[in-house]
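**Student:** Single-letter residue listing:
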Amino acid sequence: VQLSNRIQWVSRFVALVSLVFACQAVADDYTDTDLYIEQIKTEFPQYDYKKFKKADTISLSIYHPSPSFLEKRWREFGFSTNAVRSKYIQVTVPKLAISQSNATIYKEGSYVDSTFVLDYEEDSVQSLLKEFEAENSPVNSIKNTARFIDNWIPLKDRSRGFDVASQVAENKIGDCTEHAVLLGATSRAIGNPARVVLGLVIIGTEQQAMSFGHAWTEIYADGRWQLADAALRGLEEPAFYVPFGVLENEGPGYSMGLFESIAALPTKLVLEPI
Amino acid sequence: MSYKNLALGDDHNFSLLGELNADPVWNSEGEYWNFEVNHKGDSPFECFVFTGDFEPINRLSTLQEVVIGWYMRDDVEIQNKLVLRSGAHVQGNIPVAGLDYLYYMDEKGDAIIATTQGQVAYNNEHALVCVNVDFGYRKSFNKVFTELVDSWETNSKKVLDPYYREVYIVSLEEYSVGFVDLSYSKDSDGDTVYQDVTSFMIRPDPLSVQTSDNYHLEYSTPDGYLINAYTYEVSNDELEKSLSLNFTDKDGWVVEGTMNGKSVTFDLGDDDYPVSSLGHHQISKSLLTEEEGATAEYLGWVESADPSKFMKTTLELTRKDTDNNQILVGIGPLKINANVNDSGAAKSFGVRVGDLQMNYYLEVSEGAIE
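As given, the protein sequences belong to chains A and B, one line each in that order. The first sequence begins at 1142 in this note's numbering and counts up one residue at a time. The second sequence begins at 84 in this note's numbering and counts up one residue at a time.
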């Protein structure tokens, strides 16, 4: 029985799957097949695009093997739960959810350092910063930063697993996680506390609503966390963000940090009629 | 068709019911053999044998683009490629993986579609890759590759003879996505040498495939403590990680190398005695002799979880049942359920990641752990 040496390569695989699973959405690439690690199973009875587009909140039933675990995670994000059932929790998600929560949770001096993942002290990020500061005023504008990072990564490609900020700055390729870490690193470098969030994004089109695993950035400014998403910046369809975890482990063991958030992802979502 | 014996240097012998275009060619720069097998199609099947190789899946992925480039005219440009099929299985006692692509190409404004079919087999630190760039001829290609794998004999003096070997096939939901080939051998000092190659390919969407090969090497004392270790990972044909762990009296345990494109050094102190894979085996085996609910824990270097520190591993014997024992293995947030028979073989084990179930199934077990 060499069970434990299996941990080595099981965790290797878990890491790889987590990295891939962390980000399923890029702006112009929706597919509908269950062969790939793709969408979360979703049900949207009586979906109405016009109502979805105008809605300030949506109500969701989030299915998970451990609803109590999910409820705890949900509360950590500052949200309340409408109901906890044996297989799911019911919640109300406001548009740009995080902007209305956690305003008091920020600990002074946190989420500002250069870390292994958000490594803004590396040369490639410093080169990016020089260009950013030359082109943008004010430099600490969240919109300017997100737009710059979106433009810095012209190749939207899901073949990358999980690159740290310096790799993204150098390679200029990636999916939502690459956008999120580079936006986070850039934000910290210019003085805005920032963190990477993993969760779901629910996107409504005229035909249907879909949900995907996603990663984005939160930037602390004006006394509150604000959502910034360089990957879906150009998205015209309405979107709701459902966070399931902050990447707290930004060190060399970040893959296990990702796994913790991925493990919180639901098995199924039901969007209640609006 | 004539029978052809293929001898590649002193290391490899194959039997093939077919014809070669020419004698195999040794590429000293890339350290591989290349030969072409004729068939009824327009282009021969291109085959490669890499020596001292631990990157089978990445070879499989990248060589298809290389080979299609050989047979494509200069005025044709690849615009996109789609993953048609992928999977892994064991043939005899050799792990095999397959990956097929559909290419969209442009020839002066005209759209062209082409396919490539590829298979790789991994055997004793060598990788055999064959690629078919003709449309169709699937059965012929599979037959040729099967013959090559069935007859493959390696005789490398550079490779230690393993006294124990296992091969696992890895699945994600119902799809096979890779394999693990591990072995134990002894070096000239009598230390235990543990090696594994873990090779995966995951398809995040129809256009992409993530290929990952990871090689891990450990030297262990006979009583199960780590002497040193080395690991490297290639993902999408790029070096993702290359790390070595060593102990010196002056510096204690230190990890050095590159990771995520950066040079890294991690100081792990000198307080701990990390357990090796062999030590893990010994602790796990002793747990099976105890009552249900028994637990054990120890520190190890699980570089894939966090290379910058030793991590605690916990084991719990959750079910004791004839040939159907279960052990729950935990490291950080990761929980692995293992199904173990009475003689100590882990028949399968699985872990959930979100809504996905990942499983490992033992396909080959040769020898015994000393």
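Keep in mind the hints are simulated off the structure, nothing from the lab. Ideal Cβ placement from N, Cα and C applies to all residues, glycine included. A few of these clues could be false.
[Stated by the list, open to error] Residues from chain B shown here face chain A by an in silico Cβ test under 8 Å; the list is partial:
hint : residue
1    : 291
2    : 315
3    : 319
4    : 417
**Student:** Now look at each hint and say whether the structure bears it out.
**Tutor:** Here is how each hint holds up against the structure:
Hint on residue 291(B) holds. Least Cβ distance to chain A is approximately 5 Å, under the 8 Å limit. Look at residue 315(B): its Cβ only gets to about 12 Å from chain A, farther than 8 Å, so that hint breaks. With a cut of 8 Å, the hint placing residue 319(B) at the interface with chain A holds, because the nearest CB-to-CB distance is about 6 Å. For residue 417(B), the shortest C-beta to C-beta distance to chain A is roughly 6 Å, which falls under 8 Å, so the interface hint holds.
In this structure, the one hint that does not hold is number 2.
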